[in-house]
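Got chain L; can you put chain X on it based on the hints?
Taken in sequence, the protein lines are chains L and X. Mind the numbering: the first sequence is residues 1 to 237 in this note's numbering, read in order. Mind the numbering: the second sequence is residues 1001 to 1290 in this note's numbering, read in order.
For the record, the hints were derived by calculation from the structure and aren't laboratory data. These numbers were taken from a predicted model, which means no experiment stands behind them. Each hint should be verified, as a subset may be incorrect.
[To be verified] The calculated label-pair distances, taken between Cβ atoms and stated as ranges, are:
1) X:A1100 to L:E128: 36 to 42 Å
2) L:A16 to X:L1236: 56 to 62 Å
3) L:G121 to X:L1058: 16 to 22 Å
4) L:F165 to X:L1275: 21 to 27 Å
5) X:W1111 to L:S138: 55 to 61 Å
6) L:G121 to X:R1158: 25 to 31 Å
7) X:L1274 to L:R187: 33 to 39 Å
8) L:L91 to X:L1275: 43 to 49 Å
9) L:G232 to X:L1082: 55 to 61 Å
Think of the CB as a built atom: it goes at the ideal place given N, C-alpha and C, for glycine as much as any other residue.
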Amino acid sequence: MAAILEVSGLHAGYGAADVLDDVSVRVEEGGITAVLGANGAGKTTLLRAVCGLIRRRGAVRFAGQDISRAQTEDIVRLGLAHVPDGRGTFLQLTAEENLRVGAITRRDRAAVAGDMERVFGYFPRLRERRAQQAGTLSGGEQQMLAIARALMLRPRLLVLDEPSFGLAPLVVQDIFRIMRAVNEQERVSILVVEQNARLALDLAGEACLLETGRVVLSGPAARIRDDDTVRGAYLGY
Amino acid sequence: MEAFLHQLVSGLAAGGIYASLALALVMIYQSTHHINFAQGEMAMFSTYLAWTLLQAGLPYWVAFAATLGISCAAGMLIERVLIRPVEKAPVLTVVITFIALLVIFNSVAGWVFTHTVKVFPSPFGAGLLPRNPFMSPHEFGSIVVTLAVLVLLYAFFRFTPLGLAMRAAALNPVSARLSGIRVGRMLALGWGLAAAIGAVAGMMVAPVVYLDPNMMAGILLYAFAAALLGGIDNPLGAVVGGFVVGVVENLMGAYVIGTELKLTVALVLILGVLLFKPAGLFGRAVVTRV
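Only chain L is shown next, with the shape it has when bound in the complex:
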């Protein structure tokens, strides 16, 4: 199978220090890969490095193109949508304006209007809140808005940084259900970083486990989920 995203031998970090050491990870076309690990393992750093937000060295290929030296803006324009750590919501803009920002690089105006209806289909709550300032939305609604904003790009790959962070269990379930639907119905590949290992392993086809900036384990999510030693040692359930 072809990979939509292929990272190999990636070193990245902030300032002089490297956080990631020789990290390799891949997302199959139409697949879901979960990145697991404890706090400080380098999960967020990995996503930032993929999108070119921080200094990086190594091979990063997206949709067959080398993006290891590309600017963030150009990587996004290739069809990679990143919902960052902290959601990156434009708090002072309305919900609808947030969605329009998500589609701002697109020229197909008519299709954009259709896509807005489509994401409102996934997140009916956002339709009710469309004229409201995003900063006044609840945490769950803001997470929905962040994912919806990313979908407005019509991405080939959706990159999500801890979508369950700080949310009520019911909202988390809802969001994971929608991620699955987006993946299955629209063939959007997903790279998701998640602390909730059980949820992530249920969703993903592939998974990799980061520990202090190195990949200590990677493979099919089902195998990792069912491996008792791995579970006991790294995942804590």
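Coordinates of chain X only, in the frame set by chain L:
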């Protein structure tokens, strides 16, 4: 009563100028969190440019449009060449750069155009408006022009994709980049727009205060007061602040403290806002969780 109305209208006309310049300050502040101390001198230089074009025989509105275009391009160039390199520098470096820009514009204007005070024409004619004895055509015209600029800007930011991209870039640069917005270009464009707005303010105020290299010094101070009063990160606040400052300054000057002390009003306002309501009337108080 008529004298009072006249003072009020003069205040509004001046207020429109302060509002425009305050808006230019706020635009740059919003995206960079820096106050462009050279905004007034850039406006002054633009006005000299307009004067040169008028001397060359261009019709007023042609010179007006050309000045806006050239000022916008120059603003973008200044951002690229001078401001971009100090973008991540300590705040003092940035302030010094702005002050350098102020001094450079001021002295180059004096050098090229001399310090002799020049008359700058009003496109609205002299004398008084028919059936309206308390307002000069220029006051009326400059209020209309100012309001037109404000409405156009509002529409631009509110309804166009480019305006939305600029707002997004100012509000959250990282998230804007992750949406594919070229934040650097948006910053440059913001500088260009601010320079163009400043140029309008300069051309509208020059017939009143006459054209010389120091013409914007006092006006920039009023614009600071206006921007602070409205809330330094709020464009609407800057506009309201501009009109309020204009009216208050004019009425105080006419009835309370005399024209010599008018500039003090701006300073008192600046101090008062900073002491008692630092976020301004419409600004958001920024609370940082630690």
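Here is what the structure says about each hint:
1. At roughly 52 Å, the beta-carbon separation of A1100 (chain X) and E128 (chain L) lies outside the given 36 to 42 Å, and the hint is violated.
2. About 44 Å separates the C-beta atoms of A16 (chain L) and L1236 (chain X), a value inconsistent with the hinted range of 56 to 62 Å.
3. At about 56 Å, the beta-carbon gap between G121 (chain L) and L1058 (chain X) misses the expected band of 16 to 22 Å.
4. Between F165 (chain L) and L1275 (chain X) the CB atoms are about 40 Å apart, so this pair departs from the stated range of 21 to 27 Å.
5. Hint check: W1111 (chain X) to S138 (chain L), Cβ distance near 60 Å, so the stated range 55 to 61 Å holds.
6. Judged by the Cβ atoms, the range 25 to 31 Å given for G121 (chain L) and R1158 (chain X) holds: they are separated by roughly 27 Å.
7. For the pair L1274 (chain X) and R187 (chain L), the beta carbons lie near 56 Å from each other, so the given range of 33 to 39 Å is not met.
8. At roughly 28 Å, the beta-carbon separation of L91 (chain L) and L1275 (chain X) lies outside the given 43 to 49 Å, and the hint is violated.
9. Between G232 (chain L) and L1082 (chain X) the CB atoms are about 59 Å apart, so this pair conforms to the stated range of 55 to 61 Å.
Consistency with the previously given hints fails for numbers 1, 2, 3, 4, 7, 8, ordered from lowest to highest.
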